[in-house]
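Work out the full structure: start from the sequences and follow the hints.
So the sequence lines, in the order shown, correspond to chains W and R. Counting from 1, position 274 in the first sequence corresponds to residue 274 in the working numbering; the numbering is continuous, with no gaps. Counting from 1, position 26 in the second sequence corresponds to residue 26 in the working numbering; the numbering is continuous, with no gaps.
Don't read these hints as lab results, they were simulated from the structure. Do not take every clue at face value.
[What the hints assert, rightly or not] Chain W is nowhere near these chain R residues, computed Cβ spacing over 12 Å in every case:
hint, residue
1, Ser-43
2, Ser-186
3, Lys-253
4, Ile-276
[Claimed, not checked] As a list, the in silico DSS-like pairs of lysine-lysine whose alpha-carbon atoms are at most 30 Å apart:
hint, chain 1, residue 1, chain 2, residue 2
5, R, Lys-180, W, Lys-291
6, R, Lys-253, R, Lys-278
7, W, Lys-350, R, Lys-64
8, W, Lys-291, R, Lys-64
9, W, Lys-54, W, Lys-28
Think of the CB as a built atom: it goes at the ideal place given N, C-alpha and C, for glycine as much as any other residue.
Chain by chain, the residues run as shown.
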Amino acid sequence: MTLIDDLNALLGPDRVLRHPLDRTVFAKDAGVTSGDVIAAVLPESTSEVAAVVKIAQHHNTPMVPRGAGTGLAGGAVPAEPGLLIVLTRLNQIHEVDELARTAWVGPGVINLDLSKQLEPMGLHFAPDPSSQQACTIGGNVGTNAGGPHCLADGTTIAHIVAVEFVTANGDILTLGSEAPDQPGLDLRAIVVGSEGTVGLVTRVLVRLTENAPDVATLLIGFGSIDGAAGTVSGIIAAGLIPAALEIMDAPMVKAVENFVHAGYPTDAGAVLLAEVTGTAVDVAAGVDTIKSVARQHGAMAVRVATAAAERALLWKGRKAAFGAVAQAAPDYYLHDTVVPRTALVDVMSKIYEIGDRYELLMLNVFHAGDGNLHPLVAFDSKEPGLLDRVQAAAREMVEVSIDAGGSLSGEHGIGLEKRDLMGLVFSDVDLDAQARVRDAFDESRLMNPGTVLPEGSRCFDANGVRL
Amino acid sequence: MLRCERCPTMSVATPESTADVVDLITDARLTGLPLWFTGSGTSPVPDGHTVVSTSKLMGIVDYKPDDLTVVVRCGTTLTELDAVLSEHGHTAVLPETTGSRTVGGVVASGASGYRRLRYGPTRDRVIGATIVTGYGEIVHAGGQLVKNVTGYDLPRLMTGSRGALGFISDVSLKLWPIPKGRRTVSVANVADARVEAYQPIAALETEAGGFLHISDSSGEDEGFSWPEPMMGEVVRVVNIPPRLVPDTVARIKASSATRFVAQHGVGAVEAAWDGIAKQQLDEFRVWTESCGGSIPEMPQVPESIGIQRRLKAMFDPDRICNPGVLPGGV
Numbered sequence: 001m002t003l004i005d006d007l008n009a010l011l012g013p014d015r016v017l018r019h020p021l022d023r024t025v026f027a028k029d030a031g032v033t034s035g036d037v038i039a040a041v042l043p044e045s046t047s048e049v050a051a052v053v054k055i056a057q058h059h060n061t062p063m064v065p066r067g068a069g070t071g072l073a074g075g076a077v078p079a080e081p082g083l084l085i086v087l088t089r090l091n092q093i094h095e096v097d098e099l100a101r102t103a104w105v106g107p108g109v110i111n112l113d114l115s116k117q118l119e120p121m122g123l124h125f126a127p128d129p130s131s132q133q134a135c136t137i138g139g140n141v142g143t144n145a146g147g148p149h150c151l152a153d154g155t156t157i158a159h160i161v162a163v164e165f166v167t168a169n170g171d172i173l174t175l176g177s178e179a180p181d182q183p184g185l186d187l188r189a190i191v192v193g194s195e196g197t198v199g200l201v202t203r204v205l206v207r208l209t210e211n212a213p214d215v216a217t218l219l220i221g222f223g224s225i226d227g228a229a230g231t232v233s234g235i236i237a238a239g240l241i242p243a244a245l246e247i248m249d250a251p252m253v254k255a256v257e258n259f260v261h262a263g264y265p266t267d268a269g270a271v272l273l274a275e276v277t278g279t280a281v282d283v284a285a286g287v288d289t290i291k292s293v294a295r296q297h298g299a300m301a302v303r304v305a306t307a308a309a310e311r312a313l314l315w316k317g318r319k320a321a322f323g324a325v326a327q328a329a330p331d332y333y334l335h336d337t338v339v340p341r342t343a344l345v346d347v348m349s350k351i352y353e354i355g356d357r358y359e360l361l362m363l364n365v366f367h368a369g370d371g372n373l374h375p376l377v378a379f380d381s382k383e384p385g386l387l388d389r390v391q392a393a394a395r396e397m398v399e400v401s402i403d404a405g406g407s408l409s410g411e412h413g414i415g416l417e418k419r420d421l422m423g424l425v426f427s428d429v430d431l432d433a434q435a436r437v438r439d440a441f442d443e444s445r446l447m448n449p450g451t452v453l454p455e456g457s458r459c460f461d462a463n464g465v466r467l
Numbered sequence: 001m002l003r004c005e006r007c008p009t010m011s012v013a014t015p016e017s018t019a020d021v022v023d024l025i026t027d028a029r030l031t032g033l034p035l036w037f038t039g040s041g042t043s044p045v046p047d048g049h050t051v052v053s054t055s056k057l058m059g060i061v062d063y064k065p066d067d068l069t070v071v072v073r074c075g076t077t078l079t080e081l082d083a084v085l086s087e088h089g090h091t092a093v094l095p096e097t098t099g100s101r102t103v104g105g106v107v108a109s110g111a112s113g114y115r116r117l118r119y120g121p122t123r124d125r126v127i128g129a130t131i132v133t134g135y136g137e138i139v140h141a142g143g144q145l146v147k148n149v150t151g152y153d154l155p156r157l158m159t160g161s162r163g164a165l166g167f168i169s170d171v172s173l174k175l176w177p178i179p180k181g182r183r184t185v186s187v188a189n190v191a192d193a194r195v196e197a198y199q200p201i202a203a204l205e206t207e208a209g210g211f212l213h214i215s216d217s218s219g220e221d222e223g224f225s226w227p228e229p230m231m232g233e234v235v236r237v238v239n240i241p242p243r244l245v246p247d248t249v250a251r252i253k254a255s256s257a258t259r260f261v262a263q264h265g266v267g268a269v270e271a272a273w274d275g276i277a278k279q280q281l282d283e284f285r286v287w288t289e290s291c292g293g294s295i296p297e298m299p300q301v302p303e304s305i306g307i308q309r310r311l312k313a314m315f316d317p318d319r320i321c322n323p324g325v326l327p328g329g330v
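Rendered as structure tokens:
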């Protein structure tokens, strides 16, 4: 029996996709890398996932878990010919505990669908990546996804209470528990953000967040990006952690306004989108603080929206940013570095200098409150030599972020895309420790091999002797 | 190497730098004598171990007030850290009962305070760490970044690891501004009051009644206080699914506990007894486990024991670092 025979026997041929078109579709995520897919399978239950894993182990075949494929770093792209285990059909909301504010959901549930379902209960799932209309909870777990509202609420890891986990051997475990502080090592810490390299998640106990009684969204125009970035640092320094603090620069504001007509000031050098949530008193105090800090940094115009429709319009501009970029050029390269918040102004000015020097079209929209930068270089890959310039600039942008005490990725993950840059952040010893974590979960090294950690990360043999 | 004053047969090492810890672990691998890392010394030391005290690894390495992050050495006490942070109106939201507890001890034990209802557990704050593994190697992970998905989250794995994977030399913590005004409000039904209030800091029930701890940016601190530290012949924490807190409170009241603090919405209930039969505690444990909970002093072996053992072997192959400290002998 071949791998395909075994999979067909388990799932039926219509859930084992191997048509060349399917293999092409599943060979990529939303980023720039692509891989070689043997087949993509569509299990519908935990036991089917476990059985698929056992089959893949039997045939010594690499496995790559995948959700909606909206990832940008190639975490769901096989580094070597592999079996895609697509978890989108595990899309049930199994159980909601309104009092404990938790829900057991399948990894295939779409992020925004979950929050929409919870709306009547006054609850939502806090992580809100820009792709939230399409991305899955399982994908959020895989990448430890972020989003604008992770500033106050924390990234996905803060919202995962427990997971049902299929190991690389096909065993089914529960990691974490409804009760706090499960005894032993907290393995959720590794599973969340592991980009499919340690096993598969087949059910997730998510923490739900209460909807705020009051919300105000502010749109503030500045003459320059320095004013906006300085305001963000100033707000944090003033002891306020707003729900969100997002910056867009002039090119991005123009692209977005042209696309969604949200009333963004196209004459501004930069725009700060801020949101404060809480009781009426907290929101009023927060709005005052933000306005006052913004004025000290030369704010030109301040628009405060409290009505739901107007707030939604302001957010529409932010969430449509990456779609709007398609007007500028057919391809884009999106960064995800993160820097200390106090380094924002300095690092941004260096990034603009790099973009200018390489004569690239760069647009910026980023989670300023977290120090999470997203310089986006729009380009046409058909133009000779341009991709080389984009990549050379990309490396320099990463280096200035790291030099400022930053890191490679705030929310997209490492995947194949940034794997070979890991040495900029970590020493050989650090990388070896990371590789040992992976090996502790997966001795077979068949779970999404070749991603996240660069080749040769293990520098000790099994007896602890340095190779 | 010193001798402990209380127990002269025990050796106590007091490293003054991460490099000293590397030496201690390297020596221990050669001699085969295991080490026992300890903060303020709240947990008992098993026989035959050299105690490694963090008492000389103190102080704040890098506090960036405008960034709301701090790097602190493991032996720094919570009291010292609080004193520095509160000058800038900040808190690391570690346990409220400070005393001589150290940052390293709290991170290694994974202990959280009452404010976890609002701010999440301590592990949500640990964003970076310098670790000396059982190989005697220095591993850096994370950084002074509030958001970071670059590689596996080792700082978070180390939180609650109780030293089983290595020595936590320093940690980087994400800070929160202390709310401008805080109040403690007495409530008749704390379970209902928690759900009605928006993001209370804590919702506690004690033998004295129910209390909601809330922030209010219009006000000054007004009658804001935490329960006194728990004392008693036997003190236990019961971790339970949050919906079962009222049941747990009823059982604890019926068990002649002298004091208790129940964290509604979290699921942690701490209780003190001036004498309780072992059998009664065992019954408590059995009931707790049947509900999917645990009592940390009487832990069951987790389902994931295979992975936990392999992680131990990958980080401490000679079982030098607090061997057997975790459930299942990890």
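- Quick one: which hint numbers does this structure break? Sort them smallest to largest. The structure conflicts with no hint, since it agrees with every one listed earlier.
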